[in-house]
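One letter stands for each residue in the lines below.
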Amino acid sequence: MLYREAGQFKTSYVSDGQILPIRQDRIALLTLIAVALLAVPLLASPYLLSAILIPFLIFSLAALGLNILTGYAGQLSLGTAAFMAVGAYASFNFVARIPGIPLLLAFILGGLSAAIVGIAFGLPSLRIRGFYLAAATLATQFFVIWCLTKIPYLTNYSASGVVTVQTMQMFGYQFATPQAKYLLVLVIVSLMALLAKNMIRSNVGRSWMAIRDMDMAAEVIGFRPLRTKLLAFAVSSFYCGVAGALYAFAYLGTVEPEAYSLDLSFRILFMVIIGGVGSILGSFLGAAFIVLLPIFLNMLAHSLGLATNYASNLELMVFGGLIIFFLIVEPHGLARLWQIGKEKLRLWPFPH
Amino acid sequence: MKVIKSIVLAAALMGAGGQVLAADQFVALQSYRVGPYGAGGSGFYGGMIDYFNLVNANGGINGVKMTWEECETEYNASRGVECYERLKTKNGGATLVDPLSTGIAYGIVDRVATDKIPMTMLGYGRSDAANGKVFPYVFPLITSYWNQAAAMVKYLADKNGGYPKLKGKKIVYLYHDSAFGKEAMPVLDAQAKQYGFELIKIAVAPPGSEQQSQWLQIRQARPDHVILWGWGVMNSVAIKTAQRNGFPREKILGVWWAGSEEDTIPSGEAAKGYTSMTFNTPGNYPLIDEIRKKVYASGKGNLADQGRIGSVYHMRGVTLGVLWVEAIRTAQEKFGKGKTMTGEQVRWGLENLNVDAARQKAIGAFGMFPTVKTSCDDHEGSGAVKVQQWDGKKWVAITPNWVVGDKALTRRLLEESSLAYAKEKNITPACMQ
Amino acid sequence: MSFFIEVLLGGLLSGVMYALVAIGFVLIYKASGVFNFAQGAMVFFAALTCVGIIDKFGVSLWIAIPLTILVMIALAFAIERVVLRPLVNQPEITLFMATIGLAFFIEGLAQLVWGSQVRKLDLPIEDVPNEYLMEHFNILVSQFDMTAAIVCALLVIALGLLFTRTRVGRALRAVADDHQAALAVGIPLQRIWVVVWSVAGLVALVAGMLWGARNGVQFALTFIALKALPVLILGGFTSIPGAIVGGLIIGASEKLAEVYIGPMVGGGIEGWFPYVLALLFLLVRPEGLFGEKIIRRI
Chain Y
1 MLYREAGQFK
11 TSYVSDGQIL
21 PIRQDRIALL
31 TLIAVALLAV
41 PLLASPYLLS
51 AILIPFLIFS
61 LAALGLNILT
71 GYAGQLSLGT
81 AAFMAVGAYA
91 SFNFVARIPG
101 IPLLLAFILG
111 GLSAAIVGIA
121 FGLPSLRIRG
131 FYLAAATLAT
141 QFFVIWCLTK
151 IPYLTNYSAS
161 GVVTVQTMQM
171 FGYQFATPQA
181 KYLLVLVIVS
191 LMALLAKNMI
201 RSNVGRSWMA
211 IRDMDMAAEV
221 IGFRPLRTKL
231 LAFAVSSFYC
241 GVAGALYAFA
251 YLGTVEPEAY
261 SLDLSFRILF
271 MVIIGGVGSI
281 LGSFLGAAFI
291 VLLPIFLNML
301 AHSLGLATNY
311 ASNLELMVFG
321 GLIIFFLIVE
331 PHGLARLWQI
341 GKEKLRLWPF
351 PH
Chain X
1 MKVIKSIVLA
11 AALMGAGGQV
21 LAADQFVALQ
31 SYRVGPYGAG
41 GSGFYGGMID
51 YFNLVNANGG
61 INGVKMTWEE
71 CETEYNASRG
81 VECYERLKTK
91 NGGATLVDPL
101 STGIAYGIVD
111 RVATDKIPMT
121 MLGYGRSDAA
131 NGKVFPYVFP
141 LITSYWNQAA
151 AMVKYLADKN
161 GGYPKLKGKK
171 IVYLYHDSAF
181 GKEAMPVLDA
191 QAKQYGFELI
201 KIAVAPPGSE
211 QQSQWLQIRQ
221 ARPDHVILWG
231 WGVMNSVAIK
241 TAQRNGFPRE
251 KILGVWWAGS
261 EEDTIPSGEA
271 AKGYTSMTFN
281 TPGNYPLIDE
291 IRKKVYASGK
301 GNLADQGRIG
311 SVYHMRGVTL
321 GVLWVEAIRT
331 AQEKFGKGKT
341 MTGEQVRWGL
351 ENLNVDAARQ
361 KAIGAFGMFP
371 TVKTSCDDHE
381 GSGAVKVQQW
391 DGKKWVAITP
401 NWVVGDKALT
411 RRLLEESSLA
421 YAKEKNITPA
431 CMQ
Chain D
1 MSFFIEVLLG
11 GLLSGVMYAL
21 VAIGFVLIYK
31 ASGVFNFAQG
41 AMVFFAALTC
51 VGIIDKFGVS
61 LWIAIPLTIL
71 VMIALAFAIE
81 RVVLRPLVNQ
91 PEITLFMATI
101 GLAFFIEGLA
111 QLVWGSQVRK
121 LDLPIEDVPN
131 EYLMEHFNIL
141 VSQFDMTAAI
151 VCALLVIALG
161 LLFTRTRVGR
171 ALRAVADDHQ
181 AALAVGIPLQ
191 RIWVVVWSVA
201 GLVALVAGML
211 WGARNGVQFA
221 LTFIALKALP
231 VLILGGFTSI
241 PGAIVGGLII
251 GASEKLAEVY
261 IGPMVGGGIE
271 GWFPYVLALL
281 FLLVRPEGLF
291 GEKIIRRI
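Protein chains in written order, with the working numbering: chain Y, 1 to 352; chain X, 1 to 433; chain D, 1 to 298.
Just so you know, these hints were derived from the structure itself, not from any lab.
For glycine and all other residues, C-beta sits at the position ideal for the given N, C-alpha and C.
Wrong hints could be hidden among the right ones.
Some chain Y residues near chain D, calculated using beta-carbon distances under 10 Å [unchecked claim]:
| hint | residue |
| --- | --- |
| 1 | T70 |
| 2 | A136 |
| 3 | V277 |
| 4 | E315 |
Subject to a maximum C-alpha distance of 25 Å in a straight line, what follows is the list of computed DSS-like cross-link-like pairs (lysine-lysine) [what the hints assert, rightly or not]:
| hint | chain 1 | residue 1 | chain 2 | residue 2 |
| --- | --- | --- | --- | --- |
| 5 | Y | K181 | X | K425 |
| 6 | X | K251 | D | K30 |
| 7 | X | K394 | D | K120 |
| 8 | X | K339 | X | K169 |
Starting from the given sequences, assemble the full structure and let the hints guide the process.
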């Protein structure tokens with residue numbers, strides 16, 4: 001009744017090819033953006049902003065990057081955290097060594113460094129596929145983290161190897177409050193998500209999906225596997241690199257190798273799988289799930305009054321159980337559930 | 001029904017703060033009880049909670065009861081920061097934190113200054129935070145890694161008959177290849193140059209479950225001493241691999257995160273003779289007996305296994321509990337007895353802490369830890385350690401007195417490092433009033 | 001020279017220990033097509049259950065082992081019922097993610113039931129240098145490692161006999177070849193999966209006991225699974241002899257690299273060296289030494 005396209009006619013190719021063809025969708029998205037930009041910074045508590053929304057946005061960006069590589073291009077990767085680390089360290093070094101460099105430029109350069117590393121470690125994907133590729137990306141993960149630990153130049157010769165990053169500033173304005181950081185992260189993530197969505201809809205995205213579905217057939221019809229796969233690695237690593245830089249600058253405040261461990265790679269992979277492989281919205285939904293669930297379980301256990309050692313172990317068990325549950329109930333992830341919901345809404349209140 | 005209510009309550013709590021309880025001192029415990037380091041974490045935080053329960057059973061601090069809330073960080077920097085943000089405004093505001101993790105500590109070191117919540121780092125974390133002029137809200141209590149490394153060299157020198165006798169000796173530095181493991185290198189390098197001993201650095205890739213190649217290298221090098229700077233599974237594996245390669249464990253000196261029952265018990269017979277640093281003199285104390293009597297007997301004990309009472313991590317937790325309560329007590333002397341102290345006031349208490357021998361005797365913990373006297377310049381308060389040895393069943397102190405290393409050297413390094421940090425962050429070093 | 005032999009032998013023997021864990025992976029991958037990431041958690045759970053039973057009920061090791069085997073069989077039943085059956089025709093990646101979820105679940109369960117403190121496991125073998133070799137050749141090899149190698153060899157022989165000489169083994173091989181054909185000739189797929197996961201659980205117990213006796217039974221046992229991955233890559237995911245050979249190669253090369261190349265680059269390369277080696281190997285032979293050649297059709 002509410003969600004109908006009746007009466008919405010497209011009169012140009014441009015309007016026919018837009019991302020959200022249904023007007024109600026556009027209104028919903030604009031409302032969401034307005035709320036996120038205006039209402040949230042004014043109304044939300046600092047805890048909500050700095051401990052929930054900012055990591056949610058950062059992880060969505062990283063999940064987006066991994067989704068491009070694993071979901072759209074079909075290359076399973078477990079090295080996401082390593083690319084984030086490269087982005088973080090590179091951005092830190094650019095800001096530290098080139099005084100007065102614009103912050104966004106530092107982030108972009110950090111992302112580009114991650115992209116270069118991504119291309120280098122994506123070369124094996126031309127020969128290896130499936131689980132073997134996943135294991136090969138593990139090599140990336142361990143090797144890159146080792147490099148970052150070993151090379152003192154990268155941490156500006158800090159004694160302990162853990163560096164505190166500089167405060168973010170742009171044109172003299174310091175991003176010190178949670179609201180400012182949140183807005184900066186929100187703008188960067190939204191723009192990059194829009195970019196990703198458009199990339200997926202274009203020829204580039206189609207070439208990735210062709211390689212994912214049947215790479216031999218794709219090669220036969222003229223897609224060049226070398227270029228396509230390496231481009232996927234490059235773009236994905238760029239996204240992960242920017243996410244890593246944001247993770248260091250806007251959330252943790254430090255750059256250390258341990259924060260980018262294998263555990264983080266797995267968490268981001270969970271976000272992609274639970275959110276929906278091959279879906280931009282899925283990255284956001286999955287990130288929300290994975291960020292919120294441990295906190296929620298922690299609070300639940302606390303309010304039930306459980307002893308903390310029981311609570312922590314139960315958290316692990318429930319987390320694992322929920323992952324299995326989700327995979328059984330909806331293997332295509334939360335994005336598919338969302339899609340089913342929208343389809344049902346189009347018919348509502350009629351049954352069919 | 002209870003579960004549904006709890007779910008709704010939890011969902012509501014996620015954005016809100018907590019209620020303010022008047023005469024209660026709230027502290028935030030970012031604990032970890034699962035994961036690879038959960039064994040140590042459960043002992044440490046168990047000790048703290050046991051001491052708080054004891055203080056409350058004895059009437060609180062001039063009538064003010066301790067309250068706390070735990071939050072599982074899994075030793076993960078991201079979760080630690082989230083836990084800190086969640087707990088810092090609860091119950092009127094947390095007044096003390098100690099994440100027992102260098103990664104998390106680094107992550108919140110800037111936040112604690114803005115939020116005015118003092119953070120202690122008992123025996124870990126940024127060594128240069130001892131300079132209270134640059135880090136007013138951070139307290140690496142009792143002693144930091146740099147002072148521990150210096151004390152290790154002093155102990156080894158004493159063992160050999162004095163600093164000059166160290167010349168020409170070989171010391172292997174077997175370290176966990178992470179930020180933690182590399183912490184001691186500046187001090188050890190400086191002392192190696194000063195006293196002429198050869199420092200061979202051998203890295204162990206985390207987590208350190210496999211050390212055969214490292215110990216074969218050590219066997220070939222035939223050092224006089226091995227300094228084991230490890231954490232978690234690396235320690236027990238090191239001890240066992242040393243045994244497997246026939247290296248005498250008496251020659252191994254571990255850092256204090258490598259010197260607990262969690263490291264020696266799984267090594268079994270191999271750990272006999274192994275030495276490590278500690279800032280607690282092993283043994284029983286009237287305070288521990290009191291905890292057994294008053295807290296565990298009434299069922300409020302935090303450790304599931306009572307055999308762990310008095311173990312290294314438990315005692316370490318009790319020590320921190322004692323220091324926190326003494327800091328709050330000191331703050332109350334100045335700002336009002338029987339009143340709840342704010343974070344700023346507790347900070348003052350921590351900066352003017354004086355737990356001397358008389359006070360220790362009064363609590364029933366004489367000799368359990370070195371006397372602690374902090375000041376604006378010195379947020380550590382001690383720098384003294386002891387060396388203990390595992391006799392197969394328990395730890396025994398083998399240095400009768402507290403050992404202090406070359407504090408002049410560590411002070412110099414510390415000031416250099418903290419002033420560099422101050423320059424980066426545009427902080428003018430000054431004492432807070 | 002003797003130092004080189006020591007390092008080499010030490011590496012080969014620790015490679016055998018890696019292979020032990022890898023065999024569990026291979027078993028499950030061969031029979032159910034699932035890459036069981038929870039194998040590390042199963043190793044931890046088995047070792048912890050065994051030690052927990054000894055501590056709690058005061059029984060000897062030889063009674064605790066059969067009891068633990070019963071627990072692992074129960075676990076296999078539960079896994080098949082709750083995880084595998086609902087996910088029967090899903091793509092490999094979904095099953096892989098399910099096993100990661102399962103790994104978390106088992107880790108949490110193990111520590112919930114038995115507590116999180118570190119435990120000691122006493123096996124009747126001492127971890128000291130072998131005296132005979134020490135005296136006569138001045139080579140240091142641990143007795144424990146040698147015993148572990150013998151145990152591994154016995155296990156492989158037992159598994160080989162199981163696969164080739166028994167009806168169940170034949171059914172396992174049939175299922176490994178082709179699920180649908182096996183179903184067509186009447187092999188009960190679900191029961192076979194329970195059998196396979198139980199056998200993998202038994203292998204996990206053996207591995208857990210050996211690793212637990214070496215390093216102490218603690219959470220870090222779950223990371224051994226990560227060390228087994230390069231072994232699997234080298235040897236192929238579907239071959240037990242491949243796991244052994246892969247283990248030997250990885251173990252030896254890792255130790256030799258750490259000793260000879262490590263000091264030149266600052267040490268600590270044991271973490272990534274096996275993976276990079278496996279990666280380079282894959283570029284030459286994408287399915288591993290003994291793995292099934294992947295034939296891809298359009």
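Holds or violated: X/K251 with D/K30, Cα cutoff 25 Å? Roughly 48 Å separates the two Cα atoms, so the pair is violated.
Does the closest beta carbon of chain D sit nearer than 10 Å to the beta carbon of Y/T70? 8 Å, holds
Please work out if X/K339 and X/K169 have their alpha carbons no farther apart than 25 Å. The hint is violated at about 57 Å.
Taking 10 Å as the limit, does the beta-carbon of Y/A136 come near enough to a beta-carbon in chain D? Constraint on Y/A136 satisfied, holds at 5 Å.
Under 10 Å is the threshold here; is the Cβ of Y/V277 close enough to any Cβ of chain D for the hint to stand? 8 Å, holds
Answer holds if the nearest beta-carbon of chain D is closer than 10 Å to that of Y/E315; otherwise answer violated. It holds, given that the least Cβ distance between Y/E315 and chain D is near 7 Å, below 10 Å.
Can you confirm whether the C-alpha distance between Y/K181 and X/K425 stays at or below 25 Å? Status holds; Cα separation ~18 Å.
Are the Cα positions of X/K394 and D/K120 separated by 25 Å at most? 15 Å, holds
Hint check: violations occur at hints 6 and 8; the rest are consistent with the structure.
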